[in-house]
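K.L.:
Sequence:
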Amino acid sequence: MNPADFQAWRQHMGMSQRAAAQALGVSLPTLQAWERGASFQTGKLVEIDRRTALACAALAAGIGEWAAIAEAQPHRTA
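Converting from the sequence shown to the numbering used here requires adding 20 to each position, the first position being numbered 1.
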């Protein structure tokens, strides 16, 4: 996920930067760095890790936290 994709996700979700940061469990400056693609303080490039990209996909799909999902579905055995 690149910065443009991340910003497009946030806008698609109709979230402010603050709301998106809260939903992902990160600070506002972290989210802003992801959208810029670089740290404001150092100017170093920042990457949006795979876990964050997957969390964005889960939120877009309406999937909540694991505990809520696990309780709602019966346990399957192979």
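Bear in mind the hints are in silico, worked out from the structure with no lab data behind them.
We put the CB at the ideal spot given by N, CA and C, even for glycine.
It is possible that some hints are incorrect.
What the hints assert, rightly or not - So the derived label-pair ranges between C-beta atoms look like this:
(1) Ala87 to Ala24: 12 to 22 Å
(2) Gly34 to Ala87: 31 to 41 Å
(3) Gly84 to Gly63: 18 to 28 Å
(4) Gln37 to Ala78: 26 to 36 Å
(5) Arg71 to Ala24: 11 to 21 Å
(6) Lys64 to Ala87: 18 to 28 Å
(7) Arg38 to Gly84: 19 to 29 Å
(8) Gly63 to Ala87: 35 to 45 Å
(9) Pro49 to Arg70: 32 to 42 Å
(10) Gln61 to Ala81: 13 to 23 Å
(11) Arg71 to Arg38: 32 to 42 Å
(12) Leu79 to Arg56: 32 to 42 Å
(13) Met33 to Trp86: 13 to 23 Å
(14) Gly82 to Asp25: 13 to 23 Å
K.L.:
Now, for every hint given, state plainly whether the structure supports it.
P.N.:
Results for each hint:
no. : hint                       : in the structure
1   : Ala87 to Ala24: 12 to 22 Å : 33 Å, violated
2   : Gly34 to Ala87: 31 to 41 Å : 25 Å, violated
3   : Gly84 to Gly63: 18 to 28 Å : 36 Å, violated
4   : Gln37 to Ala78: 26 to 36 Å : 19 Å, violated
5   : Arg71 to Ala24: 11 to 21 Å : 19 Å, holds
6   : Lys64 to Ala87: 18 to 28 Å : 35 Å, violated
7   : Arg38 to Gly84: 19 to 29 Å : 20 Å, holds
8   : Gly63 to Ala87: 35 to 45 Å : 39 Å, holds
9   : Pro49 to Arg70: 32 to 42 Å : 21 Å, violated
10  : Gln61 to Ala81: 13 to 23 Å : 34 Å, violated
11  : Arg71 to Arg38: 32 to 42 Å : 21 Å, violated
12  : Leu79 to Arg56: 32 to 42 Å : 21 Å, violated
13  : Met33 to Trp86: 13 to 23 Å : 20 Å, holds
14  : Gly82 to Asp25: 13 to 23 Å : 19 Å, holds
Violation of the numbered hints given earlier is confined to hints 1, 2, 3, 4, 6, 9, 10, 11 and 12; the remaining hints are satisfied by the structure.
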